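Please model the complete structure; the sequences and the hints are all you need to start from.
The residues making up each chain are set out below.
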Amino acid sequence: MAAWTDISGIRQRIADSSAEEVTASYIETIGKSKINGFTTVSEEAINAAREIDANGHEGPLAGVPIAIKENISTKGLSTTCSSKILQGYVPPYDAHVIEKLKEAGAVIIGKTNMDEFAMGTSTESSYYGPTFNPWDMDRVPGGSSGGSAAVVAAGEVPVSLGSDTGGSVRCPAAYCGVVGLKPTYGCISRYGLISYANSLEQIGPLSTSVADIATIMDVVAGYDNRDSTSINRENTYSDALKDDVNGLKIGVPEEYFGEGIDENVEKAVWDSIAKFEDMGATYEKVSMPHTKYALASYYIIAMSEASSNLARFDGTRYGYRVEGDNWHVMASKTRAEGFGDEVKRRILLGTYALSAGYHDKYYLKALKVRTLVKQDFDKALSNVDVLMAPTMPAPAFKIGEKIDDPLSLYLADVNTVPINLAGVPSISVPCGLADGMPVGLQIIGKHFDENAIIRAAYSFEQNTDHNKARPPEVE
Amino acid sequence: MVYENPDGVRIGLEVHVQLNKLNTKLFCGCSTEYHDSEPNTHVCPVCLGLPGSLPVINEKAVEYAIKIGLALNCSIVEQTQFHRKNYYYPDLPKGFQTTQYDFPIAGEGRIIIEGEDGEHVVGITRAHMEEDPGRLQHMGSIDRSKGTLINYNRSGMTLIEIVSEPDMRSPKEARRYLDKLRSILDYLDVFDGDLEGAMRVDANVSVHWGERVEVKNISSFKGAERALLYEIMRQKNHIRRGGEIVLETRHFDEARGVTISMRTKEEEHDYRYFPEPDLVPLRVADRVPKVRETLPELPDAKRERFMEQYGLGETHARALTTEIKVANFFEEVAAKVDPKDAAVWVSDILKGELNYRELSIDAFTVEDIVAVVELVTANKITEKSAVEIIRTVLDDGGKPQEIVEAKGLLKVEDDIVATAVDEAIAENPEAVADYLGGKEKSLNFLVGKVMQKTKGRADAREAREKVLAKLNE
Ligand SMILES: [Zn+2]
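Chain order of the listed sequences is X and G.
Per our numbering, the first sequence starts with residue 1, numbered consecutively.
Per our numbering, the second sequence starts with residue 1001, numbered consecutively.
Treat each hint with caution, since some may be false.
Computed list of lysine to any residue pairs in SDA-like fashion (alpha-carbon distance at most 25 Å, straight line) [said to hold, decoys possible]:
hint : chain 1 : residue 1 : chain 2 : residue 2
1    : X       : LYS368    : G       : TYR1273
2    : G       : LYS1060   : G       : SER1031
3    : X       : LYS368    : G       : PRO1275
4    : X       : LYS368    : G       : PRO1039
5    : X       : LYS75     : G       : PRO1039
6    : G       : LYS1470   : G       : GLU1402
7    : G       : LYS1172   : G       : GLU1078
8    : X       : LYS374    : G       : GLN1081
9    : X       : LYS368    : G       : GLU1078
10   : G       : LYS1060   : G       : VAL1291
11   : X       : LYS365    : G       : GLN1079
12   : X       : LYS361    : G       : ARG1263
13   : X       : LYS333    : G       : LYS1085
14   : G       : LYS1290   : G       : TYR1273
15   : G       : LYS1146   : X       : VAL322
16   : X       : LYS344    : G       : GLN1097
17   : X       : LYS402    : X       : ILE261
18   : G       : LYS1384   : G       : GLU1358
19   : X       : LYS75     : G       : ASN1151
20   : X       : LYS361    : G       : ASP1270
21   : X       : LYS379    : X       : SER238
22   : X       : LYS344    : G       : GLU1405
23   : G       : LYS1236   : G       : GLN1401
24   : X       : LYS344    : G       : ASP1270
25   : X       : LYS361    : G       : GLY1140
26   : G       : LYS1325   : G       : ASN1023
27   : G       : LYS1222   : G       : ASN1428
28   : G       : LYS1216   : G       : LYS1265
29   : X       : LYS368    : G       : TYR1101
30   : G       : LYS1021   : G       : GLN1097
31   : G       : LYS1021   : G       : ARG1263
32   : X       : LYS102    : X       : ILE261
33   : X       : LYS333    : G       : GLU1323
34   : G       : LYS1085   : G       : ARG1263
35   : X       : LYS365    : G       : PRO1275
36   : X       : LYS374    : G       : TYR1273
37   : X       : LYS379    : X       : LYS402
38   : X       : LYS75     : G       : THR1041
39   : X       : LYS333    : G       : ARG1135
40   : G       : LYS1146   : X       : ALA336
Note that these hints are calculated values from the structure, not bench results.
These numbers were taken from a predicted model, which means no experiment stands behind them.
Next comes the structure, spelled out in structure tokens:
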């Protein structure tokens, strides 16, 4: 039976029974799941829970089950990026975030489905097949962290980790009606996160409550000497859990309400902004003129980095291999069979964008646009505290609807990718329904000002009941 | 004297130096002491390029790179950045090599060598940092092997690639450049050049000021000289037959001593360089003053000082300063005996004996050479005996004093020589008469007799003087 419980509720249940019992009940729920959100359920989870019981429930997450996206390395637990090419790959080491979670007593309950190598907006490109949206089994859960969002929405786990390269935490959070945070670039160590586009991606938590997001952030954020881009900074995210937005200045970028926006989505977001006004905040419209170039810039940079990052998957050392008479044949056949269409498309486009003769025309130009997009954010956020906009321009689409039309799929990311280009933090919180499907409100903050957006999201959550809406499909 | 360079030869060298004296690799904490270890035992997620691993720069490696740059009189860049050089090869675990592209840590510099016509300046274009790939071992020959084994112990070792201008005009100058480079690096104590793969050379060669050809995979200095000699001859012959030299890359086959074409310009790789997103740009300018303080006295400066301080000639000073270990050895000896004697015995004699046996200066002790020099200068043994002692120490071991006694090498006492002289004169009246009659050669005969009687232990010069004195009485 699905049970939507937040971390404090879980901790109470553990105190009343045991971590073992709680873990076992979640594993039972997962076993009955119809949404295909998990790729692997950890056989070690019960043992880990028993150990936590034996040790007297030490640590802020003692016994709390957490699901991890298929692209975050977990020692001894399959980590395949939902790709055939990494079939059978079991990392010999834990990602930084996994070490931190284990230290805090969390139980790694399993791995979640995703778009292959985090390339997608629908979790349809997984080698394990699509994940279904718990709100409507005919619809996608969003991507690429679709599994991580769907399992939380379905009550199969209280919290999960995803990764966000161009909206991959916020998009499925919006589509599945849960909370998802993309932290500032450098806020969480990427050590152990299998790279798709290094300069853009961050690990981010998903849950049904903003408080849980802050709790997870308190555990996983911080400097790691194994990631040169991680930043040493003291921050307590739980301190931001205050129901108070009096005097908050909100900027509403008009470019985020552009062509193709669903009118119900637009309405839900404006209603939310009005709610913030009721709560004592003010808003003004702001302009971010380079938004229209962000998508092209994002895809060129992401694909360029991906073409290089994915070069290591050649069948030589681990994962899937197709034998051949020599190394060239072996590697080519392995890559031809091991990667799916979307991954191949992006590797080829990225290779093209970086190649001599096109490097300046595409890659360098994309970097220049990135700088302009960053300046848009600096400028907009110099006058306001946070920005608010729809996370996704429309609610979750039907499975198969866009699979043969990659360009229309890329267009869905229009409101999320500029945030990754700029490296600023952004949270998506449920803010209503459109045609019975969840809508996400995106709250964007200044660099390392997670506390401002957590506080705004928390206040919104406390003063509305959007986050209490549960999918009808799951009992 | 001006060297005319009749064949219009231009040689530029790219030398890969492995900084094997760093304790850890360039981007991870793995130990660099893998040379005698089982394959794939000095590896971690980072140097294996496992999914999710990230590089972190070794600060000590940056310091060493600056040190090398300064020693080669290079400018040091304000801020450096690593790039990815993308290409496929099984020894490259990530499918790209992390290297430096448009911001190499060290810019233009120069090295002075002994050229064809005296001192010759070779320009340094740049020196940059990069990571070493793993090593492939083919089961059987490369073209017919049943399988290939990969050892990633070497993967991620710090390399400094030192690129010269095409300023060398003969294989001999190229060799001198390499020797000088090795000498400077030894002085800096940044690597152990005797370890396998510590210095690897690629060469650019052109003749008649024409198009250059790159010769790759040269693994020794001797190999470099041979490869260059072959390649220059090949290019000259090719032109003589009416051929044209095209830009291409050739492989040096060490066993056969020939170069073989690998690829032409049209087949050049497109490496798709772009900045490594996992390594933020690195400020180096602030570190330079501190590193400069750690720079030791370098070979050229030491040579000048040896000439000045010890009154040595240029040849001795050069020979004694090429290797830092020899220079230090000499200075210890010179502190105990006359520096000029020390120079002769260390440079001319001891080094000759060591070279012959392919031994380094470590094979002999300062204490022993001092003992030998003191025995000679105190006139207790002959120079010939001294050489014999050095050889015995090297071949059979033992201390000089013991060897002198065991072999009875002490010069015989005067009375024994005097007795031998008396006997020789008494036993050979004809020779005495011949000498007194003006036959100079007879003196040699008599000296020979003295040497025979003393079984060679007398000093020949001394014997001669004594015979003369006796005859002139
Ligand atoms: Zn390593």
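Going down the list of hints, with the structure as the test:
{"no.": "1", "hint": "LYS368(X) / TYR1273(G)", "verdict": "holds, 17 Å"}
{"no.": "2", "hint": "LYS1060(G) / SER1031(G)", "verdict": "holds, 14 Å"}
{"no.": "3", "hint": "LYS368(X) / PRO1275(G)", "verdict": "holds, 14 Å"}
{"no.": "4", "hint": "LYS368(X) / PRO1039(G)", "verdict": "violated, 45 Å"}
{"no.": "5", "hint": "LYS75(X) / PRO1039(G)", "verdict": "holds, 23 Å"}
{"no.": "6", "hint": "LYS1470(G) / GLU1402(G)", "verdict": "violated, 35 Å"}
{"no.": "7", "hint": "LYS1172(G) / GLU1078(G)", "verdict": "violated, 36 Å"}
{"no.": "8", "hint": "LYS374(X) / GLN1081(G)", "verdict": "holds, 21 Å"}
{"no.": "9", "hint": "LYS368(X) / GLU1078(G)", "verdict": "holds, 23 Å"}
{"no.": "10", "hint": "LYS1060(G) / VAL1291(G)", "verdict": "holds, 11 Å"}
{"no.": "11", "hint": "LYS365(X) / GLN1079(G)", "verdict": "holds, 23 Å"}
{"no.": "12", "hint": "LYS361(X) / ARG1263(G)", "verdict": "violated, 28 Å"}
{"no.": "13", "hint": "LYS333(X) / LYS1085(G)", "verdict": "holds, 23 Å"}
{"no.": "14", "hint": "LYS1290(G) / TYR1273(G)", "verdict": "violated, 32 Å"}
{"no.": "15", "hint": "LYS1146(G) / VAL322(X)", "verdict": "holds, 17 Å"}
{"no.": "16", "hint": "LYS344(X) / GLN1097(G)", "verdict": "holds, 22 Å"}
{"no.": "17", "hint": "LYS402(X) / ILE261(X)", "verdict": "holds, 16 Å"}
{"no.": "18", "hint": "LYS1384(G) / GLU1358(G)", "verdict": "holds, 22 Å"}
{"no.": "19", "hint": "LYS75(X) / ASN1151(G)", "verdict": "holds, 23 Å"}
{"no.": "20", "hint": "LYS361(X) / ASP1270(G)", "verdict": "holds, 16 Å"}
{"no.": "21", "hint": "LYS379(X) / SER238(X)", "verdict": "violated, 28 Å"}
{"no.": "22", "hint": "LYS344(X) / GLU1405(G)", "verdict": "violated, 82 Å"}
{"no.": "23", "hint": "LYS1236(G) / GLN1401(G)", "verdict": "violated, 59 Å"}
{"no.": "24", "hint": "LYS344(X) / ASP1270(G)", "verdict": "holds, 19 Å"}
{"no.": "25", "hint": "LYS361(X) / GLY1140(G)", "verdict": "violated, 46 Å"}
{"no.": "26", "hint": "LYS1325(G) / ASN1023(G)", "verdict": "holds, 22 Å"}
{"no.": "27", "hint": "LYS1222(G) / ASN1428(G)", "verdict": "violated, 57 Å"}
{"no.": "28", "hint": "LYS1216(G) / LYS1265(G)", "verdict": "holds, 15 Å"}
{"no.": "29", "hint": "LYS368(X) / TYR1101(G)", "verdict": "holds, 20 Å"}
{"no.": "30", "hint": "LYS1021(G) / GLN1097(G)", "verdict": "holds, 21 Å"}
{"no.": "31", "hint": "LYS1021(G) / ARG1263(G)", "verdict": "violated, 35 Å"}
{"no.": "32", "hint": "LYS102(X) / ILE261(X)", "verdict": "violated, 42 Å"}
{"no.": "33", "hint": "LYS333(X) / GLU1323(G)", "verdict": "violated, 52 Å"}
{"no.": "34", "hint": "LYS1085(G) / ARG1263(G)", "verdict": "holds, 19 Å"}
{"no.": "35", "hint": "LYS365(X) / PRO1275(G)", "verdict": "holds, 14 Å"}
{"no.": "36", "hint": "LYS374(X) / TYR1273(G)", "verdict": "holds, 24 Å"}
{"no.": "37", "hint": "LYS379(X) / LYS402(X)", "verdict": "violated, 35 Å"}
{"no.": "38", "hint": "LYS75(X) / THR1041(G)", "verdict": "holds, 19 Å"}
{"no.": "39", "hint": "LYS333(X) / ARG1135(G)", "verdict": "holds, 24 Å"}
{"no.": "40", "hint": "LYS1146(G) / ALA336(X)", "verdict": "holds, 24 Å"}
Checked against the numbered hints above, the structure violates hints 4, 6, 7, 12, 14, 21, 22, 23, 25, 27, 31, 32, 33, 37; every other hint is satisfied.
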